[in-house]
Amino acid sequence: MGRTIVINPVTRIEGHAKIDIEIDDNDKVVAARLHVLEFRGFEKFVEGMQVELMPTLTTRICGTCPHAHHLVAAKCADAVFGAVPPRAALLQRQLLNAGSIIHSHAIHFFALAGPDLLLGIGAAPADRNIVSLLRAAPELAKKALRLRSLGQKIAEVVGGRGTHPVTAVAGGMATVIDQAKLSQLRALSNEALELSRFALEAGKKVLTDRAELIELLPLSTHDLGTVQNDVWDLYDGTLRMCDPEGKTACEIPATKYKDVMVEEAIAHSYSKRVLFKLGSQEVDYRVGPLSRLNICGKLPTPAAQAELEEYRSKFGHPTHQVVLNHYARLIELLACAELAVSLCNDAELTSPDVQSQPTHGPRSAIAHVEAPRGLLIHDYDVDDQGLIRKANFLVATQHNISSIDKSLQVAAERFWNKPEAEFVNGVEFAIRCYDPCLSCSTHQVGQMPMLINMIRRGQVIRQVRR
Amino acid sequence: MSKVQVSFEWLSGCSGCEMSVVDLHERLLDVLDEIELVRIPILMDVKDYPKATLGIITGALKTEHDVHAAREMRKSCDKILAFGVCAVYGGPQGAAYAHKQTEIEEAIFQKNPTTRTNFIPNDVPEMLPDGVRPVDSEIDVDLYLPGCPPHAYYVAQALKAVLGGTAPEFGGHNVCFHCRRSMKKSEVVALRRSHDGPVVSDTCFMSQGILCMGSVTLDRCLAPCPQHGTACTGCAGPSENIILEPHIDIRTEIADRMSKITRIKREAIIQEMERRSKTFYAYAMASPVFRQKPTFLLRRWIEQGGT
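Taken in sequence, the protein lines are chains A and B. Add 12 to the 1-based position in the first sequence for the working numbering, that's all there is to it. Add 291 to the 1-based position in the second sequence for the working numbering, that's all there is to it.
Next up, chain B with everything else stripped away, as it sits in the complex (with noise of 0.2 Å):
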């Protein structure tokens, strides 16, 4: 039987994801075995885009380079994998949203304290002029594996059954399903920061106060922040019911669940996240999926005084 053939092209993002691909660790070399990789290049001299059966995409399009990058691979694989939360959501670099790109680039270049040039660099690659953009706005995608970056265990699955010719079969649940805290009605009123003293290693972040993003986030991780002692803040990206519900937000589900396990008022929740809404939807942000809801006035917001 001849091997399947992977191709792999990376845009804007920070080789996370081509890692969690080595994170594979010992089945690393199983997969090898499985597959011909064609393209990969941050490991092989390949430069152009050879045909293949699986394309996999990671980070998110950002210049006009990615733009073509992404298109040629559209053109020369039979299926693309958009691979971790840049290629799926636009990932955190989709917190520029909230700025124009010509304040990132002052800001970078001009206003910077060790910087004492005062010019913005003008022979390079021209930036998108909206911003950071998920792959799928400018190519069809077949298959998403949202995380920052997706676990090995996710990772293996979505081989597996990629080159088995069939659908990965992942669970739709939330970061909450793996955590082992327990939840716990508590006398908090007031929201607090991770830094605000002690924190209670077997409690459920939000009964202590602090906001964790777990409940609203889809669990592409194995939930290693509350495992580790700190909140999640939401790096693979929203949860289904946030994906498919357009009354349903981060903050309001957010708010509904803390304010009654807590004395915490739900109005004060979301207000504070609507305050710090470039910090909790950063990874998502980019993403027309939630710019679009009703709910989601993320400028507006921040035009208000928030950041």
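Chain A with its partners taken away, still in its complex shape (with noise of 0.2 Å):
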């Protein structure tokens, strides 16, 4: 009998979601299904309102990476008045984003990631979190959680808030960069600097010598980032898009991504996936850490780029090891800390000229950052008034769909006949690798109870539940 294991909900990711195992006859896996249960419906409710509010107002998709909303939604309403940010104004957005992706990928590795990979995928459901990290490890917990602190703040600093920012505004930024808040983010900087190289050798203390556990969610599949000049790049660039290969397939500014990707709803999920045209061809693909390190020709700082070359050579270039992307988001941690040491000896990050003016009416825009979790995407159809006629947001987890259920069944057929604590957390330890963001991928959160059903020919034939 073909049969299906579901797990739901899912815990330690961000948001709603169930997994559905189909499995044959001969209990081989032969496919799997993240389900994204819930929605909130942002791209309708924001129709008819100003498009210079959505910087703030759609932080609010997001928690975990409100400030790549934030951002993202600032570029859109700069091109919309056609407001040049001066480059004071850039110098403080790219230091937000360094301050929240090194916020960001700091909880993901030790809070939400980390118990699975320190206390092991076998540890006992109770114990496997970050209080039992605490205590099995209080050292390490304890700087990881300063370095996810030291994250928030500089993006506080810069900000107004450290979860839900509020100073990037159409042209610019709403607020000047003094010498008291230059010098709390310079120590703010130097220390994350200090503890990013202290995350990353115990990161890779944890990843290096254990093949097992590198290889074991291979998933070969198409890559997409954004690089600067082929350099990576979280703010601004062009999208890049290579072949299992590593060769480059298609290089394109995001505002033609309507000229590539598709949507499709699924059944069974609120969360859309997306596919990308390559002439003829649409392909899968994976966003994030894994895939902007596969895409770059190099990183920006120097000490990230000798991590990037050393990482390179132990496990090759392009790399589809999946569970590297918890190594290459602790380089990218590195080189958001080197930045931003970088930004705050910039002499201009403290000009007072940091916005610009609208030189036109309102016309419609689209614009890209990098958010922690890959690709971001808003686009703002707007009237004359500068009111929202229609809103797309094409988010980092929706990129990932597709390679999250396939990476799923890797999980799956792993597992399978592992005891049941084990399988149910071999199988959410596959989908945390991504470090879904389901409450962007829904443009919701909520809770991730988990639900595992196993199916063999459209039966449920045992179900998992937490």
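There could be a bad hint or two in this list.
What the hints assert, rightly or not - One side of the interface only, derived from the structure: several residues of chain B facing chain A at Cβ under 8 Å:
1) Glu309
2) Ser311
3) Gln384
4) His390
5) Asn403
6) Thr406
7) Arg407
8) Val415
9) Glu417
Claimed, not checked - With a Cα cut of at most 20 Å, we get these calculated SDA-like pairs of lysine to any residue:
10) A/Lys402 / B/Ala398
11) B/Lys402 / A/Glu276
12) A/Lys154 / B/Leu319
13) A/Lys154 / B/Ala398
Calculated directly from the structure, the hints in this document are not laboratory data. Remember, it's a predicted structure, so these values are computed and weren't measured experimentally. Note that beta-carbon positions come from the ideal geometry of N, C-alpha and C, so glycine has one too.
Put the two chains together into one complex; each comes in its own frame, and the hints tell you how they fit.
Printed below as a string of structure tokens:
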């Protein structure tokens, strides 16, 4: 009998989800599906609102990466009014983004995925959390929490608030970085740099010599990310799509996303998936830290670049080991800390020239940034008053939906014969490699209870519920 | 002394409230020393509803699952704290009240520029027919802490009071309380938007003709927006006078104040806020507290051609 396993809900990722695993008569896993169970409808209810309010309203799509929504909406608002931000504003936004990535990557590595990596996938469910981690490895866990705090504090000093920042506005930034803020930012960035070196070393220890862990979830697919003249960039640049061999298959500005991306609804999920058109083909692809390191020529900062070279010499280039997302995340964390330090050393960061005025009436606009979890696009169709006629958001987790399903299948095959708790967490571990933000992917977040259904020939033959 | 057991549940929201707890930063470790976290789905693999002294619910009710979860929390916890503007008033997705659920689903799954499929997911939990609802529409709530998210300052106060067995003593002041901009009489004759020319950094937004919700919004944030160059958008929900006085509404309150300090006509301000009601009422729109006010005629304003 074919059967399906349902895991519902998945904890320690952001949002609500459920998993179905389908097996055939020979107990071979033939398909796995992640169901996203809630959505809030941001794209519809922003209609009629003033476009300049989008940078603060759309932060509420996600409390983990509000900074990415804040910045991409502000980039759109710049373009709507033809107000090019002065350099000081761009430096501020990049610093805000660096802080955001430090916060998000640190919390993910240590609080969300860390328990799996550091305590083991087989650890008892009640012990597999950050609180136990604080007990088992107090120094490491405290430093990790401190690193997260530093990133969030950088975001707060620049953005006015840590969660749901407010300072990026049409044409630049609404506030100036004064000397007092600068010295705070310097101290925060310097400490973040020190701790991100420590975090990377700790992560490497866990990940480097454990081939069985690293090679747990291979998935050869296309990768998509952003580069600025071949250099990794999280704030601006062109979209680059590489094939599984690492060759550039397409490089376009994000404003042309409609020419290459198609969304499809899925009957069992509120999250739509996205396909990428390459000539006459339509391909699945992946976004996020692993992809960004696969598609870029190099990183913009020296220490992170040296780490990238070491990483590539160890694992090859490109690499399709999904588990290496965790390693890639830590290299990006280091790059962002280095960037933060160098941005603080730029004399123009404190310039009072932070906002430019509109040069034309409202026009529709599209913009993108690299959110912690991958490419984020906002697209606003506006009327002559600058009110939203239609909005379209494509978020990182949506780009990853197909890859998540495939990795789930790989994980289900690996863990299907293990004790129940390990099986469930093994499957969740696959999802957590992508650090999916289901709040974003359905433009909502909520609870992640978990139900695994095992299905054979359409019949649920076993349910695992937590 | 045994530790106070705390259970978290997140419904339809953004996880920003969970982040605001983590944003206690250094104080977080002290809090963790004093409490026993029995359930927090974003961090822990516990999926049932253990008994707890305090249940903290973030997010609004959007699906049948959310309703079930809220009831389970009520059953398993001695006290329930509605945490954040979504749990208290429905939150920003309350703006969906201006639309029918089917309109929203159609817009996202069928009439979307990059979506080529033409169906609405059907193998998924049903959304509540009346759209989004605050937590107390389903269960009794003992304590309310609005904010989007509430500032760590208030989170710390709330936890300290609850752990000490007392009720938190919050001020009922509005956002202006912490804003250092000065309100000045001006000769401004018309409303303007934030990008229509430079904004003076030490002067009240209302004096400059920009709609700011600070005077009608409860302070649970320490006023980061006006302190950093942007007008308040009302994310913590209305201030106490709006909640308690049946004849006061945010648009009349703002229009009264603004028409006195500028030369903008009171009626023009009211009219603009009615036309843009979805924008100005978004965060608390889902709450019947405001919907039933005699002045609150949101759906009619929208039907009359506003947005």
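Okay, the hints, checked on the actual structure:
no.: 1; hint: Glu309; result: holds, 7 Å
no.: 2; hint: Ser311; result: holds, 6 Å
no.: 3; hint: Gln384; result: holds, 4 Å
no.: 4; hint: His390; result: holds, 6 Å
no.: 5; hint: Asn403; result: holds, 6 Å
no.: 6; hint: Thr406; result: holds, 4 Å
no.: 7; hint: Arg407; result: holds, 5 Å
no.: 8; hint: Val415; result: holds, 6 Å
no.: 9; hint: Glu417; result: violated, 10 Å
no.: 10; hint: A/Lys402 / B/Ala398; result: holds, 9 Å
no.: 11; hint: B/Lys402 / A/Glu276; result: holds, 12 Å
no.: 12; hint: A/Lys154 / B/Leu319; result: holds, 11 Å
no.: 13; hint: A/Lys154 / B/Ala398; result: violated, 45 Å
Violated hints, listed in ascending order, are 9 and 13; each of the other numbered hints is respected by the structure.
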